[in-house]
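Chemist: Sequence:
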Amino acid sequence: MGSNCGETATAAEPPNGVWAPGKHYYRIWQTVFEVDRKYIPIKGIGRGAYGVVCSSVNRETGERVAIKKICDVFGNRVDALRTLRELRLLRHVRHENVIGLKDVMIPPLQAGGFFKDVYLVYELMDTDLHHIIKSSQSLSNDHSKYFLFQLLRGLKYLHSANILHRDLKPGNLLVNANCDLKICDFGLARTTTTTRGGNNEPQFMTEYVVTRWYRAPELLLSCDNYGTSIDVWSVGCIFAEILGRKPLFQGSDCLSQLRLIIAVLGTQPEVDLQFIHNPKAKKFIRSLPFSRGICFSSMFPDADPLALDLLRRMLVFDPSKRITVSEALQHPYLSGLIDPTSNVPPAHQFHLDIDESIGEVVIRELMLREILCYHRLEAPYCVNTFY
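Read in order, the letters of the sequence shown correspond to residues 227 to 613 in this note's numbering.
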């Protein structure tokens, strides 16, 4: 949802030649947007496997927003579940360091409640941290500190609601011109269960989570359960990338990722391998060549020593010894920044987990119900149409 230069939106005809009530049509990058009349698309700002994003103006309020069109949302069941999960989560959370979902347009419904595309309306941001890191723009210690502070602050709010993001990376951190940062993309997020593991962390069954370069050792080692510490590891990787302007661990697969981690952190003592319950995984770690590790001060010679101390505490191999988000916010490196949320009650807790086995019909029904939460007045008509 960053506003990089893109193709200007132009008026278009509906693809099927039929104008849906209350809608008008624009074309961006050969994609037709069928949007509510109150929105005026301006230009494309992003595209990928998920669909296309454009900047837009709400002409009723004058507010600039980002509209994401998810094309053929039910064409891939996994992607449909991710969209449903994001809709459900963002309806419950409100924090200035978490992207706000302002509206979800009601799609024109066909017989049986069938619809194909989904349009989500977010706050508009200028760019993302990935593009900032790749750019030639200089980043001062104050920039690095402020980005980290906001990321931790948003994450503290999410963790207070027992939400794990599970896919933190620079591309999922949106930034505007005055350096405000917001966490986005919650398609892989989960709420924790009430079952506790031996290290007092909520339990999860291990599955694919987190882009490899930002994936915690316990995930790479296929541990049976994990908790909030996986997000902290990702934050550490992101912070190192801000400091060094390149990813810290660029593994080509899971095994090479682990080799790189051990090469930098050093060979781990046996006591710090106790969280690894898979015999083959533990054997692999023990088989790696001995490493004394690399001092972060030599990797980031211009960095604030306090920044490197906090980085070391986030990038700890044993998850039970990794610093928590709340502890990180209290670190001396961030002492000059006040955390207004420190005395605010935690976020409302809710269950996000969705039965992964449900079929398309049920996913469509659940998604429509989420959409209708943004349209209370239209809800009775739409529910009747659905059924």
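Worth double-checking, as some hints may not be accurate.
[Claimed, not checked] Straight line, CA to CA, 20 Å or less: simulated EDC-like cross-link-like pairs of lysine to aspartate or glutamate:
#, residue 1, residue 2
1, K506, D450
2, K472, D528
3, K249, D298
4, K371, D406
5, K360, E349
6, K360, E496
7, K547, D450
[Claimed, not checked] With beta-carbon atoms standing in for the labels, derived distance ranges:
#, residue 1, residue 2, range
8, H357, E239, 49 to 59 Å
9, F340, E233, 26 to 36 Å
10, E582, T287, 19 to 29 Å
11, C599, P515, 48 to 58 Å
12, K547, S364, 29 to 39 Å
13, A403, S482, 36 to 46 Å
Source of the hints: derived by calculation from the structure; they are not laboratory data.
Bear in mind the structure is a predicted one, so any value in this text is a computation, not a measurement.
Built from N, CA and C at the ideal position, the CB exists for glycine as well.
Chemist: Of all the hints numbered above, which does this structure not satisfy? Sort the numbers upward.
Modeler: 5, 6, 8 and 10
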